[in-house]
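Asks: Residue-level listing of the chains:
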Amino acid sequence: MAIYILRRMVSTIAVMVMVGMFVFLLLRLAPGDPAAIIAGKSATAEMIAGIREQLGLNDPLPVQFVHWAFGILRGDLGISIFSGRPVLELISQRLEPTLSLSILTMILSVLVGVSFGILAAWRSGGFVDRLLTAFSAFGYSVPVFVIGYFLIYFFAIRMHWLPVQGYAPIGEGLGPWFVHLVLPTVALSLGFIAFIARVTRASMLEVLSEDYMRTAAAKGASSYAMLFHHALKNAGVPILTVIGLSFAWLIGGVVLTETVFNIPGIGRLVVDAINNRDYPIIQSVLILTSGLYVLINLTVDLAYTLIDPRIRY
Amino acid sequence: MTLLSAPVKAAPIGRLRLSEIPRLARRHPLVLAGGGLLALLIILALAAPLYAGDPVNMDPFKRLQPPSAEMWFGSDNLGRDVFARTIFGARISLVVGLLSAASAAVVGLLIGVVAGYSRGFDNIVMRIMDGLMSIPTILLAIALISLTGPGIGILIVAIAIPETPAVARLVRSVVLGVRERPYVEAALCGGARLPKVLWRHILPSTIPALMVQGATVCASAILTEAGLSFLGVGVPPEIPSWGNMIASSRLYLAIAPLTIFAPGICLAVTVLAVNLLGDGLRDMFDPRAKRRR
Amino acid sequence: MLMREFAGDDVLLDVRDLETHFYGEESVTRALGGISFQVKKGETVGVVGESGCGKSVTALSILRLLPKLSAKTVGGEVRFHGRDILELSDREMRKIRGDQIAMIFQEPMTSLNPVYTVGHQIAEAVQIHTKASRPVAMAKAEEMLRLVRIADPERRVSNYPHEMSGGMRQRVMIAMALACSPELLIADEPTTALDVTIQAQILRLIVDLKDRMGAAVMFITHDLGVVAETCQRVIVMYAGRIVEQANVVDLFARPAHPYTQGLMRSVPDPRRGRQRRLPEIPGIVPNLREPIVGCSFAPRCPFAIDICREKRPPLRDVGSSHAAACWRAEEVMGA
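Top line first, the protein sequences correspond to chains A, B and C.
In this text, residue positions in the first sequence follow UniProt numbering: the first is 1, and each later residue adds one.
In this text, residue positions in the second sequence follow UniProt numbering: the first is 1, and each later residue adds one.
In this text, residue positions in the third sequence follow UniProt numbering: the first is 1, and each later residue adds one.
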């Protein structure tokens, strides 16, 4: 077990170093002098030279990389070119909307997706199953920004049920916060629900045909106990895996959703950063999401041991 | 070498005869539906100049017009014909989608085959692939595009790179499975050279999985292109693409919803066609999965 | 009718004309072609035949555990204590399963849920059918493990299936099946998947426990040796029908169906020493997807005459409590 965790850690670190190198090289590969990019358009030659010195751009590349990487480990994500403020501060300001949206989406998608998948598997070939097939074709094909505008048009503009756009901080009350997040969460969840439901269904179908399910039935177990007690725990490992792996996908969706619904989150921050060529922000967000992804999947792997006693690392 | 002929024939799905394709399509309606829809979209896109009108002509006196006989889907905020723009937008989506998918498939295939056959290469390259997979597709593409600024070429590269690891992993797993098969070992023991074995025995068995994965990648690439264009970092704004159209019309959603819904629905239908084709191909190659699906 | 003197008080299970079909993509397999038999209280009945003859389907049909989408019992009755359990609601049926009728399956390696401890799984059976609390049920599970002679039951209750050997897992299955003291235990090839040395132990265990608990047992097996050792009465099945039934002594002394004879000849007899070659039954089992005219065994039967190929022989009495479905049963017995 300890050895496995250690090995996983080492490979996780290796992956992060790769990502770090890639992200680091991004600024160096960008056309033009990084110092000039960072200094901005109106900078004088002396200012650029000063920045060059300050960033250590005269050092050899590997030295620069090590400096940069240790900076990130200490929480020093650099200074935003556009606003001149620390990137860490900018990101932490934008964290709440993004986390709210991501967590609500995860909760909704897992709850609905897993139940939907279980029902479809339980009566495979039945109505729910066919509904799922149709729904997942839909959920996979309609991008979040198209669903988003449909939802806005019908539920906000035509019906006036919900706000069109924007975000209300949770500090100003749960009600407005939630009301503003309903449409973005639904829009972002549809594809996710389809995905989780399909994986759940496939995984459950496999488990339902196992011999031990027949044993449970022979004991007189109820349908509920069969599905949720006997089958779901066995089907859990693959379901958990794809939920972990789809985290990267979720972040991509968050960026688009924040733009559609005008939510001032990290996604907006990145999109604005591209337009301003604000490399420190792009770099930081890449590193953070990738690190979070790796961490989540490491946790998922270790969580298997809790679900399935046969897995011993 | 007569001894070898029997096991080679038993190779799974290795040889797909062209003459069998129509019969297979009839037995697999999803392939027919998805493929047919996609073919129709391609023809409509290719023939666009023949019937669709001018997608870039602006008419300041005809801004945000409702649908009419002249402009079927009305006009946008700059007075451009939404129908023409939607039809021409299909060209961008399809070109970017197909080219990105093809590039990702070819590069992924090469990496996957080599990684499946060489331990040293495998360790390094697969860690790189893990790293690439850990970055959300859209963010990775954004980062790559930020190097040069928007353009069709960089867009295709930026979309293909994040999709490559999935293909490489898949091909690698197929290769790892196949290389232990008796007929491959037999061919190697029989004195066949490795490149020939790769080409004759291993490559063919990756094709079914590659086709299915290719469809998935293509659908994902079309969505990524639209998403990037929607964010303003994809196709340059002067070219009509579905993502650009949605982005530039979003302030007018309440007044002229069709300016957003027309490209949105076309985008969804195109992706649906590709996904149906992919699902159909999977059922065709793996009948066991069909029953489970 | 045959051997159904009258459904007396001592009859526990009374199966009448049970008919089960399996549905493929383009075909229907008549897995059970209408079988009738009885099991008396406390009795041990063996059901023998080759694989695919419908033994397991019979068991699953009785317990209504057939795969829902692909199989269906289309006719007949299964009277348990005089009540047709095919007519019961799912809820009522669940009350019977595991409580009054329990089952042991062939594959101990895959028949236990891998993610729960064996104690948990036995306790579950107890809790479904009694109002026992979890600690009480777990104590019962431990007691059952002791009963099936698993060493160190205090420790073993908290083991997972993968920590046990095949023989031990089958003991756990038996413990689970007997936890609620069922009146009928259906054992579907309980020893087939086990090592030869373990097989005898498990058989003895089932017979011992059955005697102690007074349960009736339906022993499904392809092994006539098992039948001879454990059963009072034997049902021989072929191609989804019963071809012969008799008490065990009569059956072994004077088999009345050529198929039964063939089965017996293909069992090695240690008394005769090393045999050069075991006689086998020539031919193959008929395809149940197509209608069968005449006796289904006729194509493989050394006794077959014209009538056998034209008309299906009914199961008829050929002696006291001995019935066979063969036109030439008397001649077969004499042969």
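Among the hints, a few may not be true.
Covered, in the sense of this in silico footprint (three residues per stretch, anywhere, with C-beta under 8 Å from a C-beta of chain B), are these stretches of chain A [as the list claims (entries may be wrong)]:
1. 61-68
2. 133-143
3. 270-279
Hints are computed from structural coordinates only; laboratory data are not their basis.
Ideal placement from N, C-alpha and C gives every residue a C-beta, glycine not left out.
Asks: Would you mind marking each hint as holding or not holding in the structure?
Replies: Evaluation of the provided hints:
Check result for the stretch 61-68 of chain A against chain B: violated, 0 residues qualifying (beta carbon to beta carbon below 8 Å, three or more required). With 7 residues carrying a beta carbon less than 8 Å from a beta carbon of chain B, the stretch 133-143 of chain A meets the three-residue requirement, and the given coverage holds. Figure legend: the stretch 270-279 of chain A, annotated as covered by chain B; annotation consistent (6 residues with Cβ-Cβ distances under 8 Å, at least 3 required).
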